[in-house]
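Sequence lines, in order, name chains A and B. Positions 142 to 253 (our numbering) are the ones given, in order, by the first sequence. Positions 2 to 115 (our numbering) are the ones given, in order, by the second sequence.
If you are wondering where the hints come from, they were derived from the structure by calculation, not from laboratory data. Just so you know, these numbers come straight off a predicted model, no measurement behind them. Quick reminder that beta carbons are idealized off the backbone N, C-alpha and C, glycines included. One or more hints might be untrue.
[Said to hold, decoys possible] With the Cβ distance kept under 8 Å, some of the chain A side facing chain B (calculated, not the full set): (1) PRO149; (2) PHE153; (3) GLY157; (4) GLN158; (5) LEU184; (6) TYR189; (7) ALA202; (8) PRO216; (9) LEU231; (10) PHE244; (11) GLY247; (12) THR251.
[Stated by the list, open to error] 25 Å max Cα-Cα, derived DSS-like pairs, lysine-lysine: (13) B:LYS16 - B:LYS72; (14) B:LYS72 - B:LYS6; (15) A:LYS150 - B:LYS43; (16) A:LYS224 - A:LYS211; (17) A:LYS198 - B:LYS6; (18) B:LYS58 - B:LYS72; (19) B:LYS58 - B:LYS69; (20) B:LYS69 - B:LYS59; (21) B:LYS59 - A:LYS212.
Chain residues, written in single-letter form:
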Amino acid sequence: DGGITQSPKYLFRKEGQNVTLSCEQNLNHDAMYWYRQDPGQGLRLIYYSQIVNDFQKGDIAEGYSVSREKKESFPLTVTSAQKNPTAFYLCASTLLPNYGYTFGSGTRLTVV
Amino acid sequence: QQQVKQSPQSLIVQKGGISIINCAYENTAFDYFPWYQQFPGKGPALLIAIRPDVSEKKEGRFTISFNKSAKQFSLHIMDSQPGDSATYFCAASPPSGSARQLTFGSGTQLTVLP
């Protein structure tokens, strides 16, 4: 079945450590997105990518980095510069110029 | 101008009742308005969506009502069931020749009592 796979489901980060969240899709979608979800704040856009080797900052890109070396993969790195990284991270994709987003099941990141 | 304001933050409804969630937007360039349903620990799933050229869209028990002049849209869940208990997000997106960027509301946690 086609879909988006996010891994790991749970991730723990120590202070000052970089961690990478994986997002893989086999839907042949063009665009991919990373959102951060905090209680009561909805979903906020971190980064998005329309094509391979190209990506743009969203509303809250500081402290995060991404790469898009393959169409099906869009990993997100949470760097030590992100001071409050504890959140639920969601990856999504869409087939342009379609309108509907498909979301992964998310990664819950906790700072320990 | 990119904000989408959603209310209420939480909603409790009896089984069989009608659940109503409202959203308002400011950017008149928005032309796509989806609603997503999210269960705990899962990613959101597209529930229903509307474009501004229609005032209402119905899919089963779920209806979107759209008021372009007021820049408001709402989700109505008829005959609400305990299985509808979830968080609902409205969203909006401007037309774009490239990647569409959804702006999400803050979410409504719906609880349907048995």
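Here is how each hint holds up against the structure:
1. PRO149: violated, 13 Å
2. PHE153: This hint is violated: PHE153 of chain A lies away from chain B, its Cβ roughly 16 Å from the closest one there, beyond 8 Å.
3. GLY157: violated, 28 Å
4. GLN158: violated, 24 Å
5. LEU184: Cβ of LEU184 of chain A sits 4 Å from chain B, so the hint holds.
6. TYR189: For TYR189 of chain A, the interface hint holds, since the closest Cβ of chain B sits about 6 Å away, which is under 8 Å.
7. ALA202: violated, 13 Å
8. PRO216: violated, 17 Å
9. LEU231: holds, 5 Å
10. PHE244: holds, 3 Å
11. GLY247: holds, 5 Å
12. THR251: Violated: closest Cβ of chain B sits about 14 Å from THR251 of chain A, beyond 8 Å.
13. B:LYS16 - B:LYS72: Roughly 30 Å between the alpha carbons, so the hint for LYS16 of chain B and LYS72 of chain B is violated.
14. B:LYS72 - B:LYS6: Given pair LYS72 of chain B, LYS6 of chain B holds - Cα atoms ~11 Å apart, limit 25 Å.
15. A:LYS150 - B:LYS43: holds, 10 Å
16. A:LYS224 - A:LYS211: violated, 29 Å
17. A:LYS198 - B:LYS6: holds, 23 Å
18. B:LYS58 - B:LYS72: Distance of about 16 Å is within 25 Å: holds.
19. B:LYS58 - B:LYS69: Given pair LYS58 of chain B, LYS69 of chain B holds - Cα atoms ~14 Å apart, limit 25 Å.
20. B:LYS69 - B:LYS59: Given that 25 Å is the threshold and the Cα spacing comes to 17 Å, the pair holds.
21. B:LYS59 - A:LYS212: With a Cα-Cα distance of about 35 Å, the restraint between LYS59 of chain B and LYS212 of chain A is violated, given a limit of 25 Å.
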